[in-house]
Amino acid sequence: MQAAELRLERIGKRYGDVWAARGVDLTIGRGEFFTLLGPSGCGKTTLLRIIAGFVAPDEGIVVLDGEPVNSVPPWQRDLGMVFQSYALWPHMTVFENVAFGLRERKVGRAETRSRVLDALQRVGLTGAEQRRPSELSGGQQQRVALARTLVIQPRALLLDEPLSNLDARLRAGMCLELLKLQRDLGITTIYVTHDQEEALALSTRIAVMDAGKVIQEGSPREIYERPRSRFVAGFVGDSNLFFGAVTRSGGGAVEILTDEGLTIRAAARPDTAPGEKIILYVRPEAVAPAALDGVSADLNRLPGRVTAAAYQGASVAYEIDVQGKSIRAHVAHPKILFERGDEVAVVFDPKDVGYLAEK
Amino acid sequence: MAKTAAAPAVIIRARVDWLQGALLAALLALCFFLVLYPVARVLWVALADENNRLTLVHFQNFFLRPLFREALWNSLWSGFLVVAFGALIAVPLAYVFARYEFRGKILLQTLATLPLVVPPFVGAVAFQQILGRSGAVNLLLMQWFDFSIPFMEGMTGVVLVQTLHFFPLIMLNTGVSLANIDATLEEMARSLGCHGFRLFRRVTLPLMLPGFVAGSLLAFIRAIDDLGTPLMLNYKNLLAPQAYLRITTIGIDDVDGYVICVVLVVLSLASLFAARKYVGLAEYATVQVGRSARMPIHGKKLFFVLLASALALAVALLPHLGIFLLSLAKVWSYSMLPTRWTLDNYAEILFRVPHFIKNTLVYTGLAAGLDVVLGAAIAFLLARSRLWGVNLLDALATLPLAIPGVVLAVGYIRVFHGWDFPGLGAPLSSTWIILVIVYTMRRLPYTVRACHAALQQVHVSLEESAQNLGASRLRTFWRVTLPLIGGGLVAGGLLAFVTSCVELSSTIMLVPRVELGPISYGIYVYMQSPLGRGAGAALGVVAILLVAAGTYLTHRAFGARAGGAFRV
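Chains as they are written, first to last, in numbering that gives the first Met the number 0: chain A, 0 to 358; chain B, 0 to 567.
To be clear, the hints were calculated from the coordinates, so they are not data collected in a lab.
If we take Cβ atoms under 8 Å as the criterion, some of the chain A residues that face chain B in the derived model are:
| hint | residue |
| --- | --- |
| 1 | PHE53 |
| 2 | PRO73 |
| 3 | PHE82 |
| 4 | ALA86 |
| 5 | HIS90 |
| 6 | GLY100 |
| 7 | GLU103 |
| 8 | ARG104 |
| 9 | ILE151 |
Distance windows between CB atoms, simulated:
| hint | chain 1 | residue 1 | chain 2 | residue 2 | range |
| --- | --- | --- | --- | --- | --- |
| 10 | A | ARG13 | B | TYR36 | 32 to 40 Å |
| 11 | A | THR262 | B | LEU191 | 46 to 54 Å |
| 12 | B | PRO205 | A | ALA210 | 38 to 46 Å |
Think of the CB as a built atom: it goes at the ideal place given N, C-alpha and C, for glycine as much as any other residue.
Chain A on its own, in the form it takes in the complex (with noise of 0.2 Å):
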C-alpha cells in the first residue's frame, strides 16, 4: 500500500467572524498515525475536511506528496476517509456499499469481488455480505465503514472520530485493533478526536488544537509528560495547577509560595530565578494521600481533609482539601483506604511537579 507524505502549510478557514483554523502549518510522514486531539469547536473536523478536499481553504495550501492539491475535488484526491456516522449508504448491501469505489475506478469483477472479499476478511466480518448496513450493529457498522475505506488502498486514511458512537468496551477493542491495523499496513492515517486516551494509546503523533490553532505537537509521551500550557495539561490528562511565586532556588530544587500559602518544592529548571512567578503543575496519580505522621523529607507533604472518596476497583479518586484549595489524587492499587473526614497528609514527589511555559 502506498503511504503519502502530507503537509498544510498556513492553513485558515473561516466561517463569518469566528476562524475554524488559522494559520496551521503541519507536516505528517509516511506512515504516520498523526492525531488531531481537541475539545469539540476547536476546528480538527474543519482540517480533516479540508485535507479531504470537501472544505476549501480560505488560505494556505494542501501538499500532497509534494504536489499542492486545493484545486483537486475530493473524488480525485485518493484519500479514505471514514466518517463520525459511518456514512454507509442504506440502499445498498455490505457488499456493494465495500465495492463502491472499486466500481468508480472501473475495477474488473473477478478482482473486485476477491478485493471486497479480503477487506471484509480483514476486518473480521466475512459472511455478511449480503446484509444491509440497518442489520448491522454499530462496531459491524464501524468495520464495514473501514473495509470500504481500505479496499481502494487510499495513499491515506482520514478517520474522523470513528469510535465515539460505539460503547465503551467495544470502544477500547476496536481502539486495540484499529492500531494492530494501521502499524500493519503503513498507512498515513491522520485520526481526529477530541478523547485524549485514544490519542494517547494510537498516535505516533499529536497536535492538540484549540481555537482554530495547534497548541502543542509532540509525541504522545511529550504531550503528556511535557504540556507546555495550562490548556494542554489539563486537556490531556488531569491537573492540580499551583499559581505561585518562586521564594528559592538553587541545589537542585526550587521552593515556590502558592497564592494559597502553601509551600512546593520542585525540581529545579535552570532558568527560574526567586521572585518570579509561575504555574507548577502535578497529575493526580502522582499525589497520594498518607497518613499524618509518616516522615519522607524529601517529599512534599501537605496537610488535608478528604472531602470526597470514589472507589472504582482498580484506583481510587480522591479529593483533598488542603487549606482552601482542592486537589485531586488518584490511587492505583490503592493498600489504604482513606475517608471522607480523615485528615491527611497529601504527598507528592518534587520530580513529579512540573512547569507550564506560560506565566
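Based on these hints, arrange chain B on the given structure of chain A.
Structure of chain B alone, referenced to chain A:
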C-alpha cells in the same frame, strides 16, 4: 517549525460553482416569470390609476361599497366558523390517534384524511341531495315533524361543507405536534403530581398549540380561497366568487376584481406568515423527539372512542356516498334515495364525452412530471447550495401556497392574453398549455417540500463518502442521492397529481374552450343543469377514485410522513 518568511501566504478562495449558479438562475427566472410577475401585474392594476400612477383610490372605493365590505366580512366570519367547528372535530380525533392504540385505528386515520383530498365543490352537490331543502334529511323531517332545517341555505351551507372538508388540516397538524411531544415531558409532570385535565391544560395543550395554530390558519386560508363551494351552492357574497364574477362577467379590465384579488392575497400571506412565525417561535415541542406516549385502550373507553370518531367521520364522508348514489341515479328528487337507477351517466362520461377524463390525465400527468423535476432541482439547491439567491428561490417557490388559484389565474390572463406566444402562433392562454403551467406552478411547493424533507434525511456524509471514494458530483447524485430520495420524489409527484386532479379555482378561469376542460371543469359545467347532475356526479366518482388511488400510492411511497405535505 522554522518560519519561511519568503513563502507568500497562498490565498485560494472557494471556487464559484458555475453549474449550480446556472441552475439557480434558470429556476429563479422561471419562478419570477410564472409566479411573481403575474401576481405583480394583478397588484399593479389594483394600485394604478388611468395615468399609471400609484393610487389607493380603488381600495377606497372597495371599502366604500357595502357589497364588498359585506363580502370581506362574510369571508372572514365564515373562515373563522370553519376553523372553530373544524377544531371541534379535529382536536379530539388528533388526540385519540396520537395517544391511543387500538384495532382499526389505521382505517379510521385513513378515512379521516379522505375529505381533504376530495374537492369540496363535489361534496357540495352531494350535500344538497342529502341536506338540501328537498334533500333526504329534510324530507324525513317534513314527513315526521312537519318542519325543515335550512342546512344548506346561504353561508350556513358553505360553512358546513368547508368545515367537513378542511378539518383534516387541523387534525394532521395538531397530530404532528402531539406525536412530537416526548413521553418523558408528561411523565415528568405526572411524577410532580399533575394529572388528568390539569396535565392536559398545563403541559400537553401548550406543547400541541403550534401544530393546532398552524393547521387552523391553513384551514382558514383554504376556506377563504375556495371558489368552487360558494359557486356550487350559489352563495356569491364572498371574496373569491366576487373576484371571479367581476372578472368573468364585467371583463378583465374591471378594477374591482383585481382589488378583491389583492385583498385575498394579503389575507393569505398574512395567515401563512403568522402560521410560520408561530410554529417557528414555538417549535420547542420537537427539540428532542424520543418515545412518544401511546397507550392501548379497551372496553368501555374504547367503545366510546370508536363510536365518537366513527360518527364524526360518517358525517364527513357523507358527500362521498351521496355522489356515488347520484352518479347511479336516473331520478332522484323529492325522495330519500334515488327512485330509478342507471349506468347511463358513466356511459356519458366514458364514451360520449371522454375528453374530460383524458384531459385531466394529460394535464395533471404532465404537471406532476414537471413538478418532480423542478422540485428535485430546487430542493437540491435549498439543501446543498450556499449560493446567494437560494433563499429567494425558496420564497418564490413557496409563494404559490399563499396565492389563491383565482388570483394566479387572473394574473396569467393579464400576462398572456393577447400576446401571441412565440412558436405557438396564439396566446398561451388560448391553449391547454396554460392549464399545465398553472397546475405545475401551484403544486410546485408540494414537490419541493417532499424532496427537501427526503433530502434532509440523507446526511451529507453519505454523499461525501461517495465523493471520497472516487465518485464525481454527478455520479454521486445518480448512485447515492437519487435512490435515497426516490420515495420522496414519487410521493411529491403523486401529491401534485392528486391535488391538480380536482383543482377548480384557477381551472374555471383559464379553460379556453369546453372541450379542453379537465374533470373539475366538467363537473362544474354538468352541475349547472339539473339534467347533467348525474353525469357530473359520475365524473365526481372518477375524481374521487383517481384521488384515492393517488393517495394510497402516496402512503405506500411516503409512509406515515405523507401528512407532512399538508403542514405549514
